[in-house]
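**Student:** So you can see what is in the structure, the chains are spelled out below.
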Amino acid sequence: MSGRVQGPVLILGATSDMARAIARDFAARGCDIQLAAREPERLEADRADLVTRYGVGVTLHAVDALDVDSHAGFVAGLPALPRVAVSAIGLMGEQAENAADMTRAATILRANFEGPASLMGVLANAMEARGSGTLVGISSVAGERGRASNYVYGSAKAGFTAYLSGLRNRLAKKGVHVVTVLPGFVATRMTEGMDLPARLVAQPEEVGAAVLAAVEKGRDVIYVRPVWRLIMAIIRALPERVFKKTSI
Amino acid sequence: MTRLAGWGRFRPVEARVARMRSEADVAVALAAGGPVIARGNGRAYGDSAVSPGVTLDMRGMDRMLAFDPATGVLVAEAGVLLSEIIACLLPRGWFPSVTPGTRYVTLGGAIAADVHGKNHHVDGGFGAFVDWVEVMGPDGRVTRAEAGSDLFSWTVGGMGLTGVILRAAIRLRRVETGWICQETRATAGLDEAIDVFEGAMDAPYSVAWIDCVTEGPHLGRSLVMLGRHAGVGDLPAARRRDPFGVPRKRRLTVPLDLPGLALNRWTVGAFNAAYYRLGARKPGPALVPWDSYFYPLDAIGDWNRIYGRRGFVQFQCVLPEDSARRGLHRLVEVIAASGQGSFLSVLKRFGPQDSRFAFPRAGYTLALDFPAHDGSLDLMQTLDRITLEHGGRFYLAKDARMPRAVLEAADDRVAAFRAMRAATGAAGRFVSLQSERLGL
Ligand SMILES: Cc1cc2nc3c(=O)[nH]c(=O)nc-3n(C[C@H](O)[C@H](O)[C@H](O)COP(=O)(O)OP(=O)(O)OC[C@H]3O[C@@H](n4cnc5c(N)ncnc54)[C@H](O)[C@@H]3O)c2cc1C
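The listed protein sequences correspond, in order, to chains F and G. Take 1 as the starting number for the first sequence in the numbering used here and just add one per residue. Take 249 as the starting number for the second sequence in the numbering used here and just add one per residue.
The shape of chain F in the complex, shown without the other chains (with noise of 0.2 Å):
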């Protein structure tokens, strides 16, 4: 898909900064939206905001990424489906405490990898069936090589990239488009309290505005600030001797 963007617009995850960010671009170019989250009662500011803002109309929504059997009801209960569908749920956890409890990794892992993959998925056979659509999920660099601080949450992200990369590839013919978004380090609340350096971490908005230029312009895997490009590059270039020594 190239050029004006319709909507509407399902965020899921619309509690995260990002998601925030997201749904404000597309309102601003005139999409409705459709915001879900497993408390949609916290996102009555959200509408409100929206509404105001750019007087567009916006509906909430229950979803719970981990419970897979209501994936398929939840879609099928939407008021359209939507044009664009944007999943930025995710979990990130302590990586201390998900490599000493495995109730807590497999909560990671399904919370990031399983419960996303589920609910692109079902929409994903929606937009097939309708011949047009574009799936936007918001995966990691964490995703592109697996490292002692964050594995867990690494590697249910690399599951999603790569179940993203299959889904635009059984799609490419079908008129649906599937963007992969790898934000690196974004000012969020899960980075809040992070030693990071300024120059490598991205504001919501810069999120927010380059998946909808990527949507605009059918791009198909963005990084938001492209010095991550080279920056995982590198990382992924790295020998495994060398890079099993390493502590980044």
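Keep in mind that the hints were calculated from the coordinates and are not lab data. The C-beta atom is built at its ideal place from N, Cα and C for all residues, glycine as well. There could be a bad hint or two in this list.
[Said to hold, decoys possible] Calculated Cβ distances over 10 Å to all of chain G for the following chain F residues:
(1) Ala100
(2) Ala129
(3) Ala202
(4) Ala214
[Stated by the list, open to error] For the chain G half of the interface with chain F, some residues (derived, Cβ under 7 Å), not all of them:
(5) Arg311
(6) Met312
(7) Leu313
(8) Ala314
(9) Phe315
(10) Cys336
[To be verified] From chain F, some residues computed to sit far from chain G (all C-beta separations above 10 Å):
(11) Val68
(12) His71
(13) Ala99
(14) Thr107
(15) Gly121
(16) Val201
(17) Val221
Given the structure of chain F, go ahead and fit chain G with the ligand onto it with the hints provided.
**Tutor:** The following block gives chain G with the ligand in isolation, referenced to the frame of chain F:
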């Protein structure tokens, strides 16, 4: 921990900052029990939005909740910027009723400092256009304080020291276009500038750029700029189809701290002379876009970096009507003689205002920047003294260094403010480095 200071980047400290995204976040931060202070967009020059405990970054609460086009009342969360309000509502014909010289301030910051604009002499401060505020107090309870109530009157101009403003309802002003009819009058000296202000009490907007460098007969020469919102009929025919559209400006950014000597006596003197001549050469009426009229500095991102690493301090006082002429002469004389005059000095007429703790009162306000160093800090002590001698007071949103005794001598409302803080339990809970320094 983050390095944090005000807009002047003077004496930064390591601070704990937590981003607030909802009322629940603020409740959690307060429940932790330590001292907190709300921070908007950090445009106050000094230490009023830095806490010795946790600084609550309110920019995450930036939702506009409702707008009524029949009344022009906007309800919004406190962290929304005036720039966002303008971007959203100017195209629909609405503009903030009062705006400071930068649009990158939050609603909460504008209320807490009761900011003034170029229309103070007719309309009063920002608080005059606020219908209610919702404030989270020391016990975590949220109160909707209507205009006129006790909590409201202390909160407007209360510098965050009554509690955290969560939401507010403000009344915007209807405008027909995004343009301002401006008239510039060049005056040969300070007295003439004051005469122009006194003769223009019915101009909707008035402000003067004042030369604080030149000594002698032209001491305090000024460019007084009067303005009013243009009607559609004021626009050339070609602009009438899109009366809110103004030319897009390239936004420049100061990419790094300039070395301290970039702004010295000679560059500032040359700037002042050139600026004055430019204004004096083409006085009279002009049609200017809203952004260049209200926010000339906003065109340069991070302009506070031109003062270098040590940062800068601002001095702003208001002198009452009866002593303003004498007092301004003394202030400008001393500044010009010191050779430290800044290139951004602003003179403005205030109209009557009677408030619990807010800064404005009838008279004249003078504001100017100094690069921070021993010489300028000494000079500011002299300016403090002259202000006190003339019955004036100081703007806390600009202050970064005033001694407690000066505030107490300037403002007989301090005791009542302290008593209110003690009685409500706000003292010890809502604390900024400034409130500690000034013993508020
Ligand atoms: C270029 C420039 C021009 C300016 N021109 C003017 C002018 O013409 N007139 C004028 O009056 N001022 C002017 N100012 C000052 C500025 O308008 C005020 O300092 C304003 O308060 C800044 O708003 P902020 O959102 O950045 O607040 P901050 O600087 O972050 O905070 C200022 C104060 O507000 C309090 N506060 C902020 N948010 C909340 C909240 N949600 N609840 C409770 N308290 C809160 C803080 O605790 C602090 O005491 C100017 C500043 C600059 C940089």
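**Student:** Run every hint past the structure and note whether it holds.
**Tutor:** Hint check results:
For Ala100 (chain F), the condition that its CB be more than 10 Å from all CB atoms of chain G holds, with the nearest at approximately 26 Å. With a closest Cβ-Cβ approach of about 36 Å to chain G, Ala129 (chain F) is found to remain outside the 10 Å limit, as its non-interface label requires. Even its closest Cβ contact with chain G, about 15 Å, leaves Ala202 (chain F) beyond 10 Å, as expected for a residue assigned away from the interface. For Ala214 (chain F), the non-interface assignment is confirmed: its Cβ lies about 23 Å from the closest Cβ of chain G, beyond the 10 Å cut-off.
About 4 Å separates the beta-carbon of Arg311 (chain G) from the nearest beta-carbon of chain F, less than 7 Å, and the hint is met. A cut of 7 Å between beta carbons decides the hint on Met312 (chain G): the least distance to chain F is about 4 Å, and the hint holds. Hint status for Leu313 (chain G): holds, given a least beta-carbon distance of 5 Å to chain F, under 7 Å. Evaluation of the Ala314 (chain G) hint against chain F yields a held restraint, the C-beta minimum of about 6 Å falling below 7 Å.
Residue-level restraint check for Phe315 (chain G) holds (minimum Cβ-Cβ distance to chain F is 5 Å; threshold 7 Å). For Cys336 (chain G), the interface hint holds, the least distance from its beta-carbon to any beta-carbon of chain F being 5 Å, beneath 7 Å. The beta carbon of Val68 (chain F) sits about 28 Å from the closest Cβ of chain G, which is more than 10 Å, so the claim that it is off the interface holds. No Cβ of chain G approaches the Cβ of His71 (chain F) within 10 Å, the least distance being about 27 Å, so the stated non-interface status holds.
With a closest Cβ-Cβ approach of about 27 Å to chain G, Ala99 (chain F) is found to remain outside the 10 Å limit, as its non-interface label requires. Separation of Thr107 (chain F) from chain G is adequate, the least Cβ-Cβ distance of about 23 Å exceeding the 10 Å criterion. For Gly121 (chain F), the condition that its CB be more than 10 Å from all CB atoms of chain G holds, with the nearest at approximately 30 Å. With a minimum CB-CB distance of about 12 Å to chain G, Val201 (chain F) clears the 10 Å threshold, and the non-interface call stands.
Here Val221 (chain F) stays apart from chain G, with its beta-carbon at least about 29 Å from theirs, past the 10 Å limit.
In the structure shown, no violation is registered for any of the earlier numbered hints.
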